[in-house]
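Knowing the structure of chain A, use the given hints to seat chain B on it.
Number of protein chains: 2
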Amino acid sequence: MITLYDMPLSGNCHKVRLLLSLLDLPYLIQAVDLRGGEQRGPAHLQRNPFGQVPVLDDDGLIIRDSQAILVYLAKRYGGEQWWPDDAYPLAQIAAWLSTAANEVANGPAKLRVHHKFGSPIDTAAAGQTADKVLGIIDHHLQRQDWLVGDSVSIADIAVYPYLALAPEGGLDIGAFPNIIAWFQRICALPGYVTMPGMWQA
Amino acid sequence: MITLYDMPLSGNCHKVRLLLSLLDLPYLIQAVDLRGGEQRGPAHLQRNPFGQVPVLDDDGLIIRDSQAILVYLAKRYGGEQWWPDDAYPLAQIAAWLSTAANEVANGPAKLRVHHKFGSPIDTAAAGQTADKVLGIIDHHLQRQDWLVGDSVSIADIAVYPYLALAPEGGLDIGAFPNIIAWFQRICALPGYVTMPGMWQA
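Protein sequence lines correspond, in order, to chains A and B.
Okay, so the first sequence: first residue is 13 according to this note's numbering, each after it adds one.
Okay, so the second sequence: first residue is 13 according to this note's numbering, each after it adds one.
Some hints here could point you the wrong way.
Since the list gives no way to pick one copy over another, a pair counts as held whenever it fits inside one copy or between any two copies.
No more than 20 Å apart at the CA atoms, straight line, and that leaves these computed lysine to any residue pairs for SDA-like [to be verified]:
1. K87 / D71
2. K87 / D45
3. K144 / P208
4. K144 / I14
5. K144 / Y100
6. K144 / L40
7. K87 / R29
8. K87 / D98
9. K144 / P179
10. K87 / D150
11. K87 / Q64
12. K128 / G182
13. K128 / I41
14. K144 / Q58
Treat the hints as calculated values from the structure; they're not laboratory data.
Next up, chain A with everything else stripped away, as it sits in the complex:
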């Protein structure tokens, strides 16, 4: 059985909830009380020394990091549609997973945490990172419907949540029409699930 160590308002957790739903995989949710500091307790640090959610437990196999969990689910349960066997599309997916782990996390996601939960951040640096990555993604999606190849991949799932949550960080996502059109394609996928605060058509 799959258990997701989860926090409802986390966009990183939502990446996993979305892929689990698109793959139609049953799973249990184990809420981690971030306000109460449960993520820094010994039980959770054993699962993930970084003290973060999400963590996935699949019959005792423990995986930390939202991108890594997407890789695991795609490879183990997704078939070739979700995990191509060719090196070139795999590398393109990996490049967007890096973008999700770095620029998306340190731009739109960080601004949201600041605006929504009051975390102190360097807002100028986060704003600059957000503008750059949103501009690059919007331009990329001008020429193609999905981030890699001609169908949805875990690249889209990794990048999507914090872009769709960007308005909560004070960003004007309406200025990026190709991103909005991509949101609409993602929302139309069978099994799509949303979360509070997320962009809606």
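Below, chain B without anything else, positioned relative to chain A:
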């Protein structure tokens, strides 16, 4: 033929140079003049809209992002030793690629750019990120020789350069004995190559 768009002092480029050497793959180096701003010119932005190095060109297939290039080379040329077929080790590798793209880039790598090239950064935040990630990796390597499984993988190659360059960022890497022992294992790999400023035994 493989061409690496490279900058000699970049630890991200060194990840690629190191794996190319370990895999004994011939390649051409195309230096990108970062001081002259070549990375922001139209030719390079066409290869990588993020305006960064490294970029790999393998007979016309263009790959941006150092982690993605490692994935490409491992999958295409490395065999199962470098790219396991099982979902669980792949996910563990992917988790460390995220750590390389985020915490290692925003901790030790950022401090080095600040100390070495004078880039303005939030030194307190970068120092905190560096301390956390170095502590976690040192603890992880107390129980195992390599970051994932029982042999070297691209997880090690992705994380190694900016840890071995950490002294250039003013960090005392000697405080992490398990990391030092792991450096020694990496330096002993057939085909290992170093770069200026890197930790040496």
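These are the hints, each one checked on the structure:
In this homomeric assembly, K87 and D71 come within 20 Å of each other (Cα to Cα) only inside a single copy, at 16 Å, whereas the closest approach across copies is 27 Å. In this assembly of identical chains, K87 and D45 lie within 20 Å of each other by CA distance neither inside one copy nor across copies; the values are 30 Å within and 39 Å between. Taking CA atoms no more than 20 Å apart as the test, K144 paired with P208 passes in neither setting, with 26 Å inside one copy and 31 Å between copies. Taking identical chains as interchangeable, the C-alpha atoms of K144 and I14 are never at most 20 Å apart, the minima being 36 Å within one chain and 29 Å between chains.
For the homomeric pair K144 and Y100, neither the shortest alpha-carbon distance inside one copy (25 Å) nor that between copies (34 Å) is at most 20 Å. Proximity of K144 to L40 under the C-alpha cut-off of 20 Å is found in neither arrangement, the shortest distances being 37 Å within a copy and 30 Å between copies. Taking the shortest Cα distances, K87 and R29 sit within 20 Å of each other inside one copy (16 Å), while across copies they are farther apart (28 Å). In this homomeric assembly, K87 and D98 come within 20 Å of each other (Cα to Cα) both inside a single copy, at 13 Å, and across copies, at 8 Å.
Proximity of K144 and P179 under a CA criterion of 20 Å is satisfied intra-copy only: 16 Å inside one chain copy versus 30 Å between copies. Taking the shortest alpha-carbon separations for K87 and D150, neither the intra-copy value of 28 Å nor the inter-copy value of 29 Å comes in at or below 20 Å. Taking the closest pair of Cα atoms, K87 and Q64 never come within 20 Å of each other, the shortest separation being 23 Å inside a single copy and 29 Å across copies. Proximity of K128 and G182 under a CA criterion of 20 Å is satisfied intra-copy only: 10 Å inside one chain copy versus 34 Å between copies.
For a Cα distance limit of 20 Å, the shortest separation of K128 from I41 qualifies neither inside one copy, at 24 Å, nor across copies, at 46 Å. Taking the closest pair of Cα atoms, K144 and Q58 come within 20 Å of each other only across two copies (15 Å); inside a single copy the shortest separation is 36 Å, beyond that limit.
The structure fails to meet hints 2, 3, 4, 5, 6, 10, 11, 13 from the earlier list, while all remaining hints are met.
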